[in-house]
Amino acid sequence: MTARTTVGDGVNELEAALADDRAFESWHRRTLPPVYAYLLSRCGGDVTLAEDLTQETFIAAIDRRTRFDGRSDTITWLCGIARHKLADHFRSLERDERRRMRIEIRQVEVGSGERERIGPEDRTLIAETLRSLPASQRAVLVFVVLDDLPVAEAARLLGRSRGATESLLFRARESFRRAYAGEVEP
Amino acid sequence: MNSSHSLTTEQVDAILRRLDVASAPDPAFVVSSHSALASRVRAVRARDAGWFGRLYRGSGLALVPTTLNRSTARSLRLIALVALLVLALMVGLVIAGALNRPTIGGNGVLIVSVKGQLEAVDPLTGSGRSILPAGVKAESVTRSPDGQLATYWVNGGSESHLFAVDVDGSDRRELASGMSLTWNSSNDAWSSDSRFLASEVTLDGVARILVVDVTSGLAGPVTPPEVVAHNPLWSPDDAWIAFTPEAKVGRGLSVIRADGTGMHDIGGNLHGLDVAGPDTWSPDGEWIYFNAGDAAGSHVFRANVPGRFNQQLTANGLDAYATASSPDGTRVAFMVDAGYGFDLWIANSDGTAAHRILETAGLGGWSADGQFILVRWKPPDNALGGLGTVRPDGTDLKILIPYDPSCRDRWDQTCELGFGWGQARP
Numbered sequence: 028m029t030a031r032t033t034v035g036d037g038v039n040e041l042e043a044a045l046a047d048d049r050a051f052e053s054w055h056r057r058t059l060p061p062v063y064a065y066l067l068s069r070c071g072g073d074v075t076l077a078e079d080l081t082q083e084t085f086i087a088a089i090d091r092r093t094r095f096d097g098r099s100d101t102i103t104w105l106c107g108i109a110r111h112k113l114a115d116h117f118r119s120l121e122r123d124e125r126r127r128m129r130i131e132i133r134q135v136e137v138g139s140g141e142r143e144r145i146g147p148e149d150r151t152l153i154a155e156t157l158r159s160l161p162a163s164q165r166a167v168l169v170f171v172v173l174d175d176l177p178v179a180e181a182a183r184l185l186g187r188s189r190g191a192t193e194s195l196l197f198r199a200r201e202s203f204r205r206a207y208a209g210e211v212e213p
Numbered sequence: 018m019n020s021s022h023s024l025t026t027e028q029v030d031a032i033l034r035r036l037d038v039a040s041a042p043d044p045a046f047v048v049s050s051h052s053a054l055a056s057r058v059r060a061v062r063a064r065d066a067g068w069f070g071r072l073y074r075g076s077g078l079a080l081v082p083t084t085l086n087r088s089t090a091r092s093l094r095l096i097a098l099v100a101l102l103v104l105a106l107m108v109g110l111v112i113a114g115a116l117n118r119p120t121i122g123g124n125g126v127l128i129v130s131v132k133g134q135l136e137a138v139d140p141l142t143g144s145g146r147s148i149l150p151a152g153v154k155a156e157s158v159t160r161s162p163d164g165q166l167a168t169y170w171v172n173g174g175s176e177s178h179l180f181a182v183d184v185d186g187s188d189r190r191e192l193a194s195g196m197s198l199t200w201n202s203s204n205d206a207w208s209s210d211s212r213f214l215a216s217e218v219t220l221d222g223v224a225r226i227l228v229v230d231v232t233s234g235l236a237g238p239v240t241p242p243e244v245v246a247h248n249p250l251w252s253p254d255d256a257w258i259a260f261t262p263e264a265k266v267g268r269g270l271s272v273i274r275a276d277g278t279g280m281h282d283i284g285g286n287l288h289g290l291d292v293a294g295p296d297t298w299s300p301d302g303e304w305i306y307f308n309a310g311d312a313a314g315s316h317v318f319r320a321n322v323p324g325r326f327n328q329q330l331t332a333n334g335l336d337a338y339a340t341a342s343s344p345d346g347t348r349v350a351f352m353v354d355a356g357y358g359f360d361l362w363i364a365n366s367d368g369t370a371a372h373r374i375l376e377t378a379g380l381g382g383w384s385a386d387g388q389f390i391l392v393r394w395k396p397p398d399n400a401l402g403g404l405g406t407v408r409p410d411g412t413d414l415k416i417l418i419p420y421d422p423s424c425r426d427r428w429d430q431t432c433e434l435g436f437g438w439g440q441a442r443p
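Taken in order, these protein sequences are the chains called B and E.
Whatever position you read off the first sequence (first residue = 1), add 27 for the working numbering.
Whatever position you read off the second sequence (first residue = 1), add 17 for the working numbering.
Hints in this document: simulated from the structure, not taken from any laboratory.
All clues given are correct.
The list that follows gives simulated cross-link-like pairs (lysine to any residue, SDA-like), each with its CA atoms no further than 20 angstroms apart:
(1) B:K112 - E:T278
(2) B:K112 - E:V47
(3) B:K112 - E:F46
(4) B:K112 - E:D255
(5) B:K112 - E:D254
(6) E:K415 - E:S144
(7) B:K112 - E:M280
(8) B:K112 - E:R274
(9) B:K112 - E:A256
(10) B:K112 - E:R57
(11) B:K112 - E:S252
It should be emphasised that the depicted structure is a prediction, and the values quoted were computed from it without experimental measurement.
Isolated chain B, as found in the complex (with noise of 0.2 angstroms):
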């Protein structure tokens, strides 16, 4: 039998975890490695930014606990904090980017080989590809591909309109493709 999740159970679970320290403690060794592995998988495998982002998460939470509906469960609850989080931090990097005038794409030192046969162990070259992309196409990437949201709903996380971030993911596509192919933006 499938265990049902009403509306509320959550907004319980998170009550009683912060109602006792040992619930707390409990909670937190539960819920932190889901969040930090959202994050890290979408930080191009940052270990120091992954870890930064996902206290930042557990601190909003906590101040924001009333907020909480119970409609989700509390991991999903925390990887949505977790994820504008992420945009806080691209939107960031973006006005970084934008400030130092020198927003390209840098190209990630591959060896060749044929690209298509991709296994596990590559997933670093993959995260080095996408974290040599400007911080907006590399938000978008991960916003739309990654977390699977609408580009409406990736739009608004990023302040942008629908058309803006269509165009947008389009252009990171085609970065990453140059990108991880190697070669040199012109």
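On the provided structure of chain B, position chain E as indicated by the hints.
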């Protein structure tokens, strides 16, 4: 042409999705994350147990009660909303009544320790009243930005003790009690929401930045034990604390999140000059004002926080110290060593239009409305001066706390042992 360049959109997406795999966090991170969050949860618990927390949660606005159907929950919300509107109306009437009474000015009371006695001083008239019982020697005084609280240190023996008291003298209590620490003579800094105080203390022989929750009294160091840290300063959004790390190569300028994560340098290349300490943070969060120098002299700088570079604001001919950004971020006040003592100068926030506004005056920061600068003024004729205010154009100098002749042997000829007006000060 590389074969991967011909990847289809679906293939690109499939490659990206390979990143989405489970990965375990470092156990050390799990432990440090938990210890940082545990104190926050305790503070939240304490707050929720308070009357406002109970009212808020009991109102039905905070959570959807699990045992009620949606229409009942909606009705409860409506009732709670009406109750809150009535409450807001009553609060408005109380505030309107308070506004009709004579006030002490929009900047609130100035808290000063005179010979160790803590006083709340009306900055308009200079009249003061003691807010602590006699016999308590209060040092390093601050006042919260909301004007409600004062804090002070009592130093005795090998330890220091931090206290908070309402500005009317009520509800005196010790903060960070049970911690064995000594205060390091640096200015304490308030978060803008008046909830946290950051202080430089020595813990286990190392200078560290301590953050104190003034509501619960709980405290903990935010800088790691391997970093010698001085002079804390909160960011305008209360998310970061700037400080001066001290290393063998000199003193720099760094920031760290209030939960102890994300520490990094932001001072840029200072060409071997030592940072005295972050003085004030611009209201937009972009700049931190400070002075840095060496044996040859000192200059006023500002560091760009996101860009991690610095700009020298004062000319090389000026020996400039102790900066304070105006609350609106348009101007900066600082002190210049004129040989006979310090003069008070002011400039635009980018260092342009720098000029002297008052001779023989030390800088004590700005008023919250930007209309006054607090000064320690010593007249050129060596007569007694005092702690007072002056307009940013150098006019309307007013002494609030005249110096006491019995304190002439002190370097600044004052009996004052610290003051606070709710703003960051050098």
